[in-house]
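Residue numbers (the numbering used here), protein chains in the order written: chain A, 1 to 367; chain B, 1 to 367; chain C, 1 to 367; chain D, 1 to 367.
Rather than coming from a laboratory, the hints here were simulated on the basis of the structure. Idealized CB from N, CA, C, for every residue including glycine. Heads up, some of the hints might be wrong.
[Said to hold, decoys possible] Simulated DEER-style distance windows between Cβ atoms:
no., chain 1, residue 1, chain 2, residue 2, range
1, D, ASP134, A, THR41, 17 to 25 Å
2, C, THR165, A, SER335, 40 to 48 Å
3, C, LEU331, A, ARG203, 54 to 62 Å
4, D, ARG127, B, LYS9, 31 to 39 Å
5, A, GLU139, C, GLU163, 32 to 40 Å
6, B, PRO199, D, LYS339, 37 to 45 Å
7, D, ASN175, B, PRO199, 50 to 58 Å
8, B, LYS54, C, ASP135, 33 to 41 Å
9, B, GLY131, D, ARG127, 27 to 35 Å
10, A, ASN57, B, LEU33, 29 to 37 Å
[Stated by the list, open to error] 16 Å max Cα-Cα, derived EDC-like pairs, lysine to aspartate or glutamate:
no., chain 1, residue 1, chain 2, residue 2
11, D, LYS339, B, ASP135
12, A, LYS339, C, ASP134
13, A, LYS339, C, ASP135
14, B, LYS339, D, ASP135
15, A, LYS54, A, GLU261
16, C, LYS339, A, ASP134
17, B, LYS339, B, ASP322
There are 4 protein chains.
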Amino acid sequence: MNQNKNSSKLFFASDYMEGAHPLILQRLMETNLLHTAGYGTDEFSESARAKVRKACNAPDADVYFLVGGTQTNATVIGSILRPYQGVIAAETGHVSTHEAGAIEAGGHKVITLPHKNGKLDADSIERCIQGYWDDANHEHMVMPGLVYISQPTEFGTLYSLDELTKISETCRKHNVPLYVDGARLAYGLACRQNDVTLPDLARLCDAFYIGGTKCGALFGEAVVLPQHDFIPHFFTLIKQNGALLAKGRIAGIQFETLFSELPMNSSGESGESAASDMPLLYEAIGQNAIDAADRIRAALVEKGYEISFECPTNQLFITVDDTQKERLEALLELSFWEKLPDGRTVLRICTSWATDSSDVDKLIEIL
Amino acid sequence: MNQNKNSSKLFFASDYMEGAHPLILQRLMETNLLHTAGYGTDEFSESARAKVRKACNAPDADVYFLVGGTQTNATVIGSILRPYQGVIAAETGHVSTHEAGAIEAGGHKVITLPHKNGKLDADSIERCIQGYWDDANHEHMVMPGLVYISQPTEFGTLYSLDELTKISETCRKHNVPLYVDGARLAYGLACRQNDVTLPDLARLCDAFYIGGTKCGALFGEAVVLPQHDFIPHFFTLIKQNGALLAKGRIAGIQFETLFSELPMNSSGESGESAASDMPLLYEAIGQNAIDAADRIRAALVEKGYEISFECPTNQLFITVDDTQKERLEALLELSFWEKLPDGRTVLRICTSWATDSSDVDKLIEIL
Amino acid sequence: MNQNKNSSKLFFASDYMEGAHPLILQRLMETNLLHTAGYGTDEFSESARAKVRKACNAPDADVYFLVGGTQTNATVIGSILRPYQGVIAAETGHVSTHEAGAIEAGGHKVITLPHKNGKLDADSIERCIQGYWDDANHEHMVMPGLVYISQPTEFGTLYSLDELTKISETCRKHNVPLYVDGARLAYGLACRQNDVTLPDLARLCDAFYIGGTKCGALFGEAVVLPQHDFIPHFFTLIKQNGALLAKGRIAGIQFETLFSELPMNSSGESGESAASDMPLLYEAIGQNAIDAADRIRAALVEKGYEISFECPTNQLFITVDDTQKERLEALLELSFWEKLPDGRTVLRICTSWATDSSDVDKLIEIL
Amino acid sequence: MNQNKNSSKLFFASDYMEGAHPLILQRLMETNLLHTAGYGTDEFSESARAKVRKACNAPDADVYFLVGGTQTNATVIGSILRPYQGVIAAETGHVSTHEAGAIEAGGHKVITLPHKNGKLDADSIERCIQGYWDDANHEHMVMPGLVYISQPTEFGTLYSLDELTKISETCRKHNVPLYVDGARLAYGLACRQNDVTLPDLARLCDAFYIGGTKCGALFGEAVVLPQHDFIPHFFTLIKQNGALLAKGRIAGIQFETLFSELPMNSSGESGESAASDMPLLYEAIGQNAIDAADRIRAALVEKGYEISFECPTNQLFITVDDTQKERLEALLELSFWEKLPDGRTVLRICTSWATDSSDVDKLIEIL
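With these hints in hand, go ahead and build the complete structure from the sequences.
Printed below as a string of structure tokens:
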């Protein structure tokens with residue numbers, strides 16, 4: 001039944017619609033019957049933390065493994081903010097729109113700023129924070145206590161190192177921490193246009209998370225706090241937020257695998273990348289999605305599709321009329337993005353670690 | 001390294017220290033590359049829900065798969081209670097003691113009552129609820145809005161069908177819902193002394209969860225709400241609580257497997273049970289732990305150990321002096337329970353789905 | 001000392017800078033040593049509730065007396081919304097900007113919409129609510145669960161009966177309650193352009209409050225819930241929000257006085273109004289402020305001041321350059337509103353129940 | 001009507017059933033039409049703060065005026081605790097029982113300890129805090145982050161200076177702040193057995209409040225934080241909790257009056273005390289209640305009443321049978337305290353600033 005359903009259409013709707021990278025499942029199998037301590041105190045989690053610290057060039061970082069993005073955002077943001085503070089975010093930020101009010105349920109306002117293709121800029125953050133302090137009534141208002149951005153953004157766009165540095169400087173000038181949501185970070189890191197590395201994030205941010213759920217894991221997000229003890233008693237706060245895994249090793253094993261070098265004869269479909277200078281599985285996963293997206297993007301341009309807005313990562317947005325839409329949706333599983341005022345539709349094509357090269361061939365043929 | 005560490009001592013410390021039952025991992029492997037919709041709308045989750053409804057004889061039940069126990073308790077309790085209400089629980093209840101204040105973080109008081117070996121009784125619940133309404137100042141007080149019990153309890157004890165029926169009647173008389181935490185439900189259901197079935201729970205409770213994390217899954221708890229739409233917009237509340245899995249199928253596949261009949265030639269170590277009248281993997285998992293516990297209990301009695309209190313499920317509590325303690329801890333991984341005023345120690349021996357029969361032999365030899 | 005400070009400048013900065021209308025203080029004196037029951041169950045509060053119900057033509061209304069505006073908004077909004085819901089408000093609404101995040105601290109998002117001079121319109125509310133339900137991802141979003149508007153608005157503007165009716169119809173079509181913040185309601189009711197009466201509010205809204213703090217009381221806001229038991233257990237919710245007065249009569253006596261007919265030989269400065277068809281003190285208080293504002297407005301126009309935007313109630317906004325600003329601020333206590341991009345300043349002149357006619361004469365001379 | 005109702009029975013039911021001390025009303029009248037700044041920045045509030053600091057011998061203290069007790073407790077406790085912490089209180093503490101779950105609504109657990117006549121002792125606090133840190137699972141539990149006691153307690157009992165010092169030492173040893181609820185502090189300070197002064201409280205506690213509502217004011221509680229900036233941004237937190245008075249002066253004037261020396265020819269009934277060495281109105285108010293309570297207590301003993309438990313302040317508890325109860329309740333307004341298992345009833349007789357000496361005579365006659 002499942003096979004039938006799945007074979008009928010080419011699948012480019014999203015990046016969290018399969019299980020996990022085969023190397024992860026393999027490692028879960030190998031370790032399955034070992035006994036370990038609970039709650040992330042096991043040796044797999046410890047090893048994963050060490051690998052993440054190394055990849056981030058952040059030897060003092062605290063690293064925690066949580067389950068999903070909304071949970072991670074709510075836990076981190078709620079733990080950093082004091083009760084009189086709110087979090088600055090783009091009006092299109094995931095915390096502003098698609099987390100069912102989780103930040104507010106934790107007691108905090110999301111202070112929204114206008115965006116450009118999903119991005120904030122240092123100037124508007126500066127105006128927001130300085131504007132608060134300049135306002136004669138600011139003691140009656142919510143104090144900006146954290147800045148939230150996503151890399152890549154919800155639009156698949158990327159902050160350049162220069163942009164991120166300016167935002168970081170603005171935050172540090174005002175003593176407001178900076179937090180980066182990296183739900184799709186693998187696809188940002190692998191992108192040709194990207195110049196922001198994990199060590200840059202560790203250097204410029206006060207907290208960020210490396211996404212697993214959308215980047216090849218069954219689930220899991222790795223929170224990195226570059227300064228040790230930046231959030232006191234964070235373990236208890238994770239527990240209180242219902243984000244603590246009893247079998248913490250299940251997340252630990254996944255991130256240990258994601259941040260391990262690829263074996264030469266990997267059984268994963270990204271195996272060939274392992275021979276190059278991209279040693280970690282997490283990088284190979286990003287590369288597979290970006291390679292596929294690049295091929296599709298070139299085909300879209302060649303075939304005269306209207307690109308809705310530039311997106312250099314694993315998401316592609318095209319503006320189509322009803323005829324095009326009908327034809328594509330008959331053959332492909334894509335993602336509806338929005339209806340435009342002129343009646344046309346923006347569709348999203350999404351690649352991932354699981355995107356098969358031959359499926360890309362077929363997609364290009366169809367386009 | 002792990003092998004060494006793990007082989008040095010017999011492991012009876014807890015029931016969430018391994019991965020998952022092999023049949024679950026096998027099923028995750030088989031389905032890994034299929035594409036499915038997210039957030040629990042996939043066909044595996046739908047099939048799992050159908051199997052759970054059938055096992056509970058609750059055709060109208062809403063079934064949701066969450067990740068862990070604290071999260072499930074906080075989400076369910078916070079969703080049922082109105083702001084002026086609190087939840088009644090035993091002072092030893094998991095929500096009262098070991099959830100880092102998650103219920104209170106959600107805005108609600110845990111109204112604690114004295115316990116007997118972890119259990120509440122209908123009379124004390126009656127007195128608490130009636131006492132609230134009889135109090136001239138009750139409008140200045142927290143209204144009891146839900147009763148929380150665990151089956152088995154945190155002490156491994158069980159409510160009999162008669163006790164549960166009386167509690168249910170008390171709740172219904174006062175229009176206060178009843179919620180049962182089944183973190184270790186498999187071990188209760190398989191217990192010889194148990195006379196409370198899944199259909200009984202569905203009939204007598206307004207909400208309960210069937211534990212996966214401690215009963216053979218990588219993670220996961222199945223919330224059962226026997227009356228359809230008992231919690232309006234529960235999906236959004238799950239999302240807001242950070243408890244919604246993007247890859248909902250990972251939980252769905254696990255519960256589909258747990259609630260499937262065991263194959264004849266199962267590769268799992270409880271395979272032989274499949275031939276009997278215990279058709280579901282969830283039942284076989286419970287049986288394995290109970291069989292092991294029963295053998296160990298008999299040995300403890302025979303060898304003159306002091307049983308701390310009667311516990312018919314997969315947890316055994318013994319009171320030992322320092323000499324005994326030292327000897328046992330040198331050879332076994334057990335769980336410290338508490339230090340008694342007389343200087344002796346209560347230790348917990350815990351079996352699980354993963355407990356190997358030959359390890360039980362070795363343990364009995366050591367005792 | 002105080003006299004000196006207060007005599008030096010004419011005071012038109014705000015409407016909550018004096019004590020209470022003299023008739024209120026007189027009534028507090030007369031009743032001071034009587035013994036009454038606490039928490040608003042006294043006979044003064046009961047009488048005040050009856051008078052408010054009568055003035056609103058809402059015989060079944062529940063009426064509660066709270067202390068201040070932010071507290072009232074947080075208590076009412078938090079009591080109406082379910083955890084998955086937020087409140088729609090203008091981006092300039094008091095709950096959106098100047099309540100220090102009280103709504104979010106209670107767990108709920110303020111869903112902000114653009115405003116016109118402080119007002120929302122039915123169309124944008126319709127688009128917001130319908131847009132939520134039309135969004136394929138709405139189960140991941142905050143559901144609009146209440147509409148908040150102010151009458152008069154934070155800009156001193158008024159909803160017409162037609163506008164309010166349309167908003168009410170939109171709300172009822174979608175089964176979303178409507179709540180009106182009447183912090184300055186006396187000044188709206190007394191306004192010549194106003195055509196929204198208390199019975200209209202009771203008919204068209206699900207909850208509103210009649211402001212006392214800014215309209216002649218020492219403190220106090222009267223919450224009116226036209227449908228009995230619209231908010232179950234609201235008494236307990238008021239207590240939980242710290243909004244329950246032990247000496248409830250102090251609020252009750254004030255509202256009983258505000259909603260009593262003016263005595264013929266009133267010692268209050270609005271006494272003469274009592275002979276006309278405006279029998280209640282609350283109406284006389286509004287009239288005094290509006291009469292003063294009308295005289296000042298006419299003088300401003302005559303003297304060529306730039307009116308920043310039309311405001312028919314007790315607040316007047318003028319745009320001045322630095323020379324004008326300096327001159328006015330040397331002689332008057334006014335209120336800074338905002339700095340314009342062109343360097344000029346918007347100042348607010350505010351009248352109240354306490355504005356003395358001879359002070360208006362002096363102000364007009366200065367202008 | 002009110003007169004009739006009030007004259008029919010002698011009133012000893014409670015201490016918040018009249019208006020305010022006449023000197024307070026007089027001062028509100030005198031200052032009524034002066035213009036002042038809002039939100040507690042006026043000169044009356046500033047003067048009141050100076051007087052409170054002086055009385056407490058705490059020159060650096062931050063002093064804030066809030067409205068009522070539950071609000072004050074919720075605001076102070078919620079502002080001091082971090083999200084992972086709870087507040088230790090007696091199981092009979094006001095925050096534990098009669099605040100409708102306000103502390104939990106703010107996200108925090110009340111960690112209850114057994115009491116002796118309403119009091120905690122240093123040893124049980126020590127065991128609770130040390131027990132938390134000693135527990136192997138403490139990271140899964142709520143951390144004690146504050147100790148709450150009341151002086152006098154809800155039972156009218158008092159901590160001695162020795163007891164309070166020991167509690168303070170325990171708190172400081174563990175770096176856990178100590179907060180004292182002084183809702184009835186005037187009646188404690190005036191008590192003959194009392195040896196705890198305002199400067200002692202300022203020296204031994206980290207936060208406390210001086211009750212106004214039950215001690216002669218219309219409403220109002222003065223929060224004293226002996227160390228400046230102990231709670232950063234407390235003004236905004238007060239606003240967020242709905243506890244900020246727009247007309248802050250109304251509270252300021254009341255506390256300025258309460259902490260002023262009594263005039264020689266006071267119109268208040270406690271006027272004669274002014275000639276003695278008790279210069280402040282707040283002290284005279286306490287003295288009046290204590291003098292009345294002492295006379296009644298002596299009469300109760302003389303007439304053979306059973307004193308339920310020793311209470312040295314303005315509350316007296318007697319255990320009566322049904323015959324006595326009926327007789328007393330026919331002639332007096334008393335307060336029901338509790339029904340005993342043996343069928344008898346505990347009644348409370350309460351005196352206050354407003355208790356008239358001739359009413360005490362009449363009561364004694366009746367007893």
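Against the structure, the hints come out as follows:
| no. | hint | result |
| --- | --- | --- |
| 1 | D/ASP134 x A/THR41: 17 to 25 Å | holds (19 Å) |
| 2 | C/THR165 x A/SER335: 40 to 48 Å | holds (41 Å) |
| 3 | C/LEU331 x A/ARG203: 54 to 62 Å | holds (56 Å) |
| 4 | D/ARG127 x B/LYS9: 31 to 39 Å | holds (34 Å) |
| 5 | A/GLU139 x C/GLU163: 32 to 40 Å | holds (33 Å) |
| 6 | B/PRO199 x D/LYS339: 37 to 45 Å | holds (43 Å) |
| 7 | D/ASN175 x B/PRO199: 50 to 58 Å | holds (53 Å) |
| 8 | B/LYS54 x C/ASP135: 33 to 41 Å | holds (34 Å) |
| 9 | B/GLY131 x D/ARG127: 27 to 35 Å | holds (28 Å) |
| 10 | A/ASN57 x B/LEU33: 29 to 37 Å | holds (34 Å) |
| 11 | D/LYS339 x B/ASP135 | holds (11 Å) |
| 12 | A/LYS339 x C/ASP134 | holds (11 Å) |
| 13 | A/LYS339 x C/ASP135 | holds (11 Å) |
| 14 | B/LYS339 x D/ASP135 | holds (11 Å) |
| 15 | A/LYS54 x A/GLU261 | holds (12 Å) |
| 16 | C/LYS339 x A/ASP134 | holds (11 Å) |
| 17 | B/LYS339 x B/ASP322 | holds (11 Å) |
The structure fails none of the hints (numbered hints given earlier).
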